[in-house]
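The listed protein sequences derive, respectively, from chains P and L.
Here my numbering is used: position 440 in the first sequence is 440, and no number is missing along the way.
Here my numbering is used: position 32 in the second sequence is 32, and no number is missing along the way.
Keep in mind that a hint or two might mislead.
Chain copies aren't distinguished; within one or between two, either way the pair holds.
Mimicking DSBU-like on lysine-lysine, the simulated pairs with C-alpha atoms at most 30 Å apart in a straight line are [to be verified]:
| # | residue 1 | residue 2 |
| --- | --- | --- |
| 1 | K101 | K294 |
| 2 | K215 | K109 |
| 3 | K295 | K351 |
| 4 | K122 | K429 |
| 5 | K239 | K463 |
| 6 | K101 | K351 |
| 7 | K463 | K418 |
| 8 | K239 | K109 |
| 9 | K351 | K215 |
| 10 | K429 | K487 |
| 11 | K381 | K161 |
| 12 | K429 | K463 |
| 13 | K215 | K239 |
| 14 | K351 | K263 |
| 15 | K390 | K56 |
| 16 | K77 | K394 |
Simulated from the structure, these hints should not be mistaken for laboratory data.
Spelled out from the first residue to the last, the chains are:
2 protein chains.
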Amino acid sequence: MMLVESLLSVDKNSQIPVYLQISNGIIRYIRQGTLKPGSALPASRALASSLNVHRKTVVAAYDELYAQSWVDVIARKGIYVANNLPEVSARSIDKTVQKHKLADSTSFKVDNERVNHRSEFKALPEGNITFTEGFPDTRIAPVELMVREYRRMAGYRFTHKYLMYGSEQGSENLRTELARFLGETRGLHVSADDILITKGVQMAIYLCAEVLINKNDVVIVADPGYIGANEVFEQAGAKLALVPVDEQGMDIDAVEAICAERKVRMLYVVPHHHQPTTVTLSSERRMRLLELAKKYQFAIIEDDYDFDFHYTCGPILPLISADYDGNVIYVGSFCKTIAPGIRIGFMVAPKNFLQQATRLRRHIDRQGEHLLEEAMANLLKNGDIGRHLKNANKLYHERRDTLCRLLSEQLCDLIEFKIPDGGFAIWIKYRNGLDSALVSEKANELGLSIGAGTDYYYDRSFKHSFVRIGFASLNEKEMIEAVEIWKRAILKVR
Amino acid sequence: MMLVESLLSVDKNSQIPVYLQISNGIIRYIRQGTLKPGSALPASRALASSLNVHRKTVVAAYDELYAQSWVDVIARKGIYVANNLPEVSARSIDKTVQKHKLADSTSFKVDNERVNHRSEFKALPEGNITFTEGFPDTRIAPVELMVREYRRMAGYRFTHKYLMYGSEQGSENLRTELARFLGETRGLHVSADDILITKGVQMAIYLCAEVLINKNDVVIVADPGYIGANEVFEQAGAKLALVPVDEQGMDIDAVEAICAERKVRMLYVVPHHHQPTTVTLSSERRMRLLELAKKYQFAIIEDDYDFDFHYTCGPILPLISADYDGNVIYVGSFCKTIAPGIRIGFMVAPKNFLQQATRLRRHIDRQGEHLLEEAMANLLKNGDIGRHLKNANKLYHERRDTLCRLLSEQLCDLIEFKIPDGGFAIWIKYRNGLDSALVSEKANELGLSIGAGTDYYYDRSFKHSFVRIGFASLNEKEMIEAVEIWKRAILKVR
Numbered sequence: 001m002m003l004v005e006s007l008l009s010v011d012k013n014s015q016i017p018v019y020l021q022i023s024n025g026i027i028r029y030i031r032q033g034t035l036k037p038g039s040a041l042p043a044s045r046a047l048a049s050s051l052n053v054h055r056k057t058v059v060a061a062y063d064e065l066y067a068q069s070w071v072d073v074i075a076r077k078g079i080y081v082a083n084n085l086p087e088v089s090a091r092s093i094d095k096t097v098q099k100h101k102l103a104d105s106t107s108f109k110v111d112n113e114r115v116n117h118r119s120e121f122k123a124l125p126e127g128n129i130t131f132t133e134g135f136p137d138t139r140i141a142p143v144e145l146m147v148r149e150y151r152r153m154a155g156y157r158f159t160h161k162y163l164m165y166g167s168e169q170g171s172e173n174l175r176t177e178l179a180r181f182l183g184e185t186r187g188l189h190v191s192a193d194d195i196l197i198t199k200g201v202q203m204a205i206y207l208c209a210e211v212l213i214n215k216n217d218v219v220i221v222a223d224p225g226y227i228g229a230n231e232v233f234e235q236a237g238a239k240l241a242l243v244p245v246d247e248q249g250m251d252i253d254a255v256e257a258i259c260a261e262r263k264v265r266m267l268y269v270v271p272h273h274h275q276p277t278t279v280t281l282s283s284e285r286r287m288r289l290l291e292l293a294k295k296y297q298f299a300i301i302e303d304d305y306d307f308d309f310h311y312t313c314g315p316i317l318p319l320i321s322a323d324y325d326g327n328v329i330y331v332g333s334f335c336k337t338i339a340p341g342i343r344i345g346f347m348v349a350p351k352n353f354l355q356q357a358t359r360l361r362r363h364i365d366r367q368g369e370h371l372l373e374e375a376m377a378n379l380l381k382n383g384d385i386g387r388h389l390k391n392a393n394k395l396y397h398e399r400r401d402t403l404c405r406l407l408s409e410q411l412c413d414l415i416e417f418k419i420p421d422g423g424f425a426i427w428i429k430y431r432n433g434l435d436s437a438l439v440s441e442k443a444n445e446l447g448l449s450i451g452a453g454t455d456y457y458y459d460r461s462f463k464h465s466f467v468r469i470g471f472a473s474l475n476e477k478e479m480i481e482a483v484e485i486w487k488r489a490i491l492k493v494r
Numbered sequence: 001m002m003l004v005e006s007l008l009s010v011d012k013n014s015q016i017p018v019y020l021q022i023s024n025g026i027i028r029y030i031r032q033g034t035l036k037p038g039s040a041l042p043a044s045r046a047l048a049s050s051l052n053v054h055r056k057t058v059v060a061a062y063d064e065l066y067a068q069s070w071v072d073v074i075a076r077k078g079i080y081v082a083n084n085l086p087e088v089s090a091r092s093i094d095k096t097v098q099k100h101k102l103a104d105s106t107s108f109k110v111d112n113e114r115v116n117h118r119s120e121f122k123a124l125p126e127g128n129i130t131f132t133e134g135f136p137d138t139r140i141a142p143v144e145l146m147v148r149e150y151r152r153m154a155g156y157r158f159t160h161k162y163l164m165y166g167s168e169q170g171s172e173n174l175r176t177e178l179a180r181f182l183g184e185t186r187g188l189h190v191s192a193d194d195i196l197i198t199k200g201v202q203m204a205i206y207l208c209a210e211v212l213i214n215k216n217d218v219v220i221v222a223d224p225g226y227i228g229a230n231e232v233f234e235q236a237g238a239k240l241a242l243v244p245v246d247e248q249g250m251d252i253d254a255v256e257a258i259c260a261e262r263k264v265r266m267l268y269v270v271p272h273h274h275q276p277t278t279v280t281l282s283s284e285r286r287m288r289l290l291e292l293a294k295k296y297q298f299a300i301i302e303d304d305y306d307f308d309f310h311y312t313c314g315p316i317l318p319l320i321s322a323d324y325d326g327n328v329i330y331v332g333s334f335c336k337t338i339a340p341g342i343r344i345g346f347m348v349a350p351k352n353f354l355q356q357a358t359r360l361r362r363h364i365d366r367q368g369e370h371l372l373e374e375a376m377a378n379l380l381k382n383g384d385i386g387r388h389l390k391n392a393n394k395l396y397h398e399r400r401d402t403l404c405r406l407l408s409e410q411l412c413d414l415i416e417f418k419i420p421d422g423g424f425a426i427w428i429k430y431r432n433g434l435d436s437a438l439v440s441e442k443a444n445e446l447g448l449s450i451g452a453g454t455d456y457y458y459d460r461s462f463k464h465s466f467v468r469i470g471f472a473s474l475n476e477k478e479m480i481e482a483v484e485i486w487k488r489a490i491l492k493v494r
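Only chain P is shown next, with the shape it has when bound in the complex (with noise of 0.2 Å):
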């Protein structure tokens, strides 16, 4: 009996309950052949003194095990491992085989080139502060609202219909609330048929090349402009057509250059805070914009994950809501609007597009997450996301000031900048052509992580003075220590 009180140890600050600390403990010696079938445990009294534990909890620890089949209790003797036990234990196809690890790499070809890629996720250096490239910051997101009507939806007995497979167009209490919301701050008239539900703005854009793209079709796009667009266009086999973006936001006379060269297929735009220059597509160039797709019949993929955040001016209206042709189809999210983290997003196309795009959705991932979806349509329905979104754009508006302020007052000599009307971000120029990955990379050292730029211009081996740095996500005491390294890191390179 001793054996079982010295295996055992309890951690009372644990997450788990003591009491499962406990019966798993016991579970694993039993699993490992530590504890044979038969063997005896000690008596609750005795092993809750020892593990300096109450004993109602070696009495619940038991009790699970016992729910759990792993062991027996015989009247007045005691309680025992049982004899059979009750794992459905797997049945080797093989008398030889070996527990032996994973193959390295498959005996099958596998083409290494086979999906395009610039860069993959890489966790910051732990310790640093961070001028992202323009995110929310995720602590004021409104967390405890989603675990509310998770709660209420838990407590539902309506909820169980929402944990089975469901319309793959997404949650249609989601996209009539949706909808209402596009008409308020978008004056867009359409119902929840004209939406589909997408994780994110990414799996917007990808359903759009993957409908849309034939081999080769001619896709033009901003340059400097969003990688993570054009990676999955050149993915789905298009040639990219680059065109440069000036105050204005997209030249659109480059754009008609190409439309009466090459056939074009689809243009993408980011028509509020042009990513990564954050300038706003004027409503001139909209205008002109929304002829040429008419004339030339092209698709244009609006992506407007930015539209809620202005702090300047108003917005103005999406392309799509003087779109009386079905030239656009309009994309965006809530990943800016709660947190990157949570990957809700949306399609606005006509019918004979979204059919295709939802087909495809089925395909890919079947339909997205139900519940998540539901309380999402619950907090547009009472104002919540409304009332987060005011907030949010009051915080970020002094935040955009604070920074501007500091960049100003410290920074006038090195830099030069302009300031944006909303998102974000700024989009910064280092003065005398200094290199932005030599400054990221003595930045780095110095405890500051900031963008090398390598990812807005489509030649990433072009050297470039430009940087974005995002000011939604730090506090003033932040900022001013980020400011300060950065001089420091800035005046190193020199």
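Since the structure of chain P is provided, determine the placement of chain L on it from the hints.
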């Protein structure tokens, strides 16, 4: 002042707090222009009395309006609709633009046959009792455990980490726990690096298809088989080669004959409880299949979604546990363990393949739901998943026995079947060549939803007498009712 009071109404039974109903109502009328900037709102006491709520409720509503900048408070005078409304109102790009409906179809060309599809999700008729084709009972899904984990996480400071972008391979905690779980249950000796977290088995199949299949590549599948996989393979450009299934699973002689004639790229197999016939691939055939894969260098997609549910005898260890050469890609899921709507699956594969699949996953939706993945990691770690599986196995074992008994008692003249070893469904043949589709139609009229058998065979027009009946999602009372209706339906069709 009477205006506001007469416009507003409160529903004390609503889930939305009464104060929010009041403030949201007022915001609505401000937005609509019914309440003009500068107009006075009623005193809290007066409004409380006319709405029949406590005065503090109205005060809370007014506080909310003030916090959101919808109203101004003028000391000793009262509360007024703000003159500068907080909405950032969007600017139209075109003066003539009217709120208009989305175009019915695109002006650019969309191929309406681009994405293949056999069936779309259809909600079942309300009130009907349902024989699913084999799903778990979502009424026993451990949703409250998941919510407990969410609640726990919402309170942690480090949770904001999981709300940011993270690894496209999935939560490291979940992959670590899963590696341990796969070791304990399936004898796999894998580490977190060998695993990619997916959205259900569906996404794992999609990734395999897109990474491996080139146009006209031969993919071997069983017929009858799982249509959801066939669709994905064909969409990726594959030519399917069909092989029959008998009492021991896929016919390996037929596989060998195909390999001898054509270059085979991939084979898809459900080794436990083949979909739809519920047979398990025998050990001897598993070894032969591995030998063939090695000899002809094709990939085996082993879809072992049903490993964790066995009642009569133990499962057989996965093919991958005896694969020394790197021929097998192992895919599985928690969609049956928790609920179909909780989309977590996984893929275990050699690193060169896994890297390509991971890159593609990044293109598709960037990453999974980290919060959900972290919750699942905790549930695996603290043994909750193991406990739930034990309880569910016990319940489903009983339900299998109950339904088999009922079928034998009530329908032995009308149908024949074998008792399945595990899983969620029974494969049934109507006697006398009765057409499954006709029985389904008649049963539907009588209030029972039951499969029409249209999605089992590759040739959809093939008339047959088989049907797949789920036993896991109905309790005994429901089963008795369902069998009774089913019997009447069969008798009417005969």
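Okay, the hints, checked on the actual structure:
1. K101 to K294: between (58 Å within a copy, 17 Å between copies)
2. K215 to K109: Both. Shortest intra-copy (23 Å) and inter-copy (15 Å) distances satisfy the 30 Å Cα cut-off.
3. K295 to K351: within (21 Å within a copy, 48 Å between copies)
4. K122 to K429: within (25 Å within a copy, 54 Å between copies)
5. K239 to K463: This pair counts as within: shortest intra-copy Cα distance 23 Å, inter-copy 47 Å.
6. K101 to K351: Classified as between: cross-chain Cα gap 12 Å, same-chain 49 Å, threshold 30 Å.
7. K463 to K418: within (21 Å within a copy, 69 Å between copies)
8. K239 to K109: Both: 27 Å inside a chain and 18 Å across chains, each within 30 Å.
9. K351 to K215: both (24 Å within a copy, 29 Å between copies)
10. K429 to K487: within (14 Å within a copy, 77 Å between copies)
11. K381 to K161: The answer is both: 20 Å in one copy and 28 Å across copies each meet 30 Å.
12. K429 to K463: Answer is within; shortest intra-copy Cα gap is 13 Å, inter-copy 70 Å.
13. K215 to K239: both (8 Å within a copy, 20 Å between copies)
14. K351 to K263: Result: close within a single copy only, 24 Å intra versus 40 Å inter.
15. K390 to K56: between (50 Å within a copy, 24 Å between copies)
16. K77 to K394: between (69 Å within a copy, 28 Å between copies)
Of the hints listed earlier, there is not a single one the structure fails to meet.
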